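J.: Sequence:
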Amino acid sequence: NILNRTGQSKKAIDLYLKILKNNKNHPDVNLNIAIAYFHNKEYEKANNYFEICKKINPNNDKFKKNYSFFLLYRQEYKKAWEISDGRLDLQEFIKQDSWIGNFKEKIWQGEKLEKDDKILVVKEQGVGDEILYSTMYPEALDYFSNIKIEVEERLLSIFQRSYKNSDKFFPALSISNDQEKLKDFKKVIFSASLGRLFRNSIQEFPKKNMLKPSEKIFNEIKNKLQKITRKKMIGISWKSKRVFYGRAKSIDLYSFLPLFKNKNFSFINLQYGDVDDDLLKLKNDFNIEIINLKEIDMFNDFESIACLLKNLDLFISVSNSTAHLAGALNIDTLLIKPKANAIFHYWNQPNDRSPWYPSIKLIEQNNNSESMMEEINKILLKKFNF
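Once you know that position 190 of the sequence shown is 179 in the numbering used here, the rest is easy, because the numbers rise by one and skip nothing.
The set of hints was computed from the structure by calculation and includes no laboratory data.
Every value quoted in this text rests on a predicted model; they were computed, and no experiment measured them.
There's no promise every hint is true.
What the hints assert, rightly or not - The calculated lysine to aspartate or glutamate pairs, modelled on EDC-like cross-linking and capped at a C-alpha distance of 16 Å, are:
| no. | residue 1 | residue 2 |
| --- | --- | --- |
| 1 | Lys230 | Asp118 |
| 2 | Lys283 | Asp267 |
| 3 | Lys176 | Asp106 |
From just these sequences and the hints, can you work out the full model?
T.: And the structure:
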């Protein structure tokens, strides 16, 4: 299992197969080998073992979660949501002593809803997922006449502006953590669960997302950047802070060196966290300077981050919350996919595009960073005719 979770799926498969020789119906091993084959991109074998698991124990939480991810990869959305939307019917997700315990009995699980039902939509646990599933808010706002949506405070003003429904959006926990206010609502819907209503086929995904930056902040940042450079501006972000999977999603800043040496571009930092030492080392070692607008808080100030993204000619990023924001803003983006053991369904697609974010092109992360950057460099040269 450790091998499987740390990207060594081939070694894991060998061990699982040895166990299955003695116990072919072992439920955990059949499921883990299905996951390992999925990580290893052996999709038919993965499907075979998922089918075995379905016969052994179709109600197993871990099976439902991983099989739904497999179906999302295959773009069988309706079937995936019906099995499990990822976490709502998993016991580990709902604990009596947690915030979710406030409205456990009201959580929507797919039953019929009327358009005039009082509905509360609550955010997902991570801001990246929240941005992802917010792309379904336009349909939800159109469909439900009595809807209220709780959102991360860092995103509140952006959603209010973009969807022109300022009276429908509220800060996270302002309703869901208040037992008295909750009495008014028939159902509470986690934002990912909106997929059951509005994303049941590939045709239901919009061709363009709807987030809009602040015009005032956009122009302020534009004026600052014009004083610094007149070259094509490429934003970069190379780290994810996610616990456990962050390493499999991140890449080394020095991997970008083949791109940094192209004098046609100015590179703009969009990496959150403390990166001053990284940028200083790059300048000292290679005399390469990344433009860094220190006045922007790259972790908390989503209004300014959105406007900085909107000023770019292109954004190159690993999987993190900034990449989600770029996709929701329709920014041309090259997304370096996480390694297989850390990939999520929205990036794990059968081609180089995610239906959630039409403006993002997916780039496979391999063990040879030079060839990966070569591919990215070819894309840049073609896009900008250099």
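J.: Against each hint, give a clear statement of whether it holds in the structure.
T.: Each hint, compared with the structure:
{"no.": "1", "hint": "Lys230 to Asp118", "verdict": "holds, 14 Å"}
{"no.": "2", "hint": "Lys283 to Asp267", "verdict": "holds, 14 Å"}
{"no.": "3", "hint": "Lys176 to Asp106", "verdict": "holds, 8 Å"}
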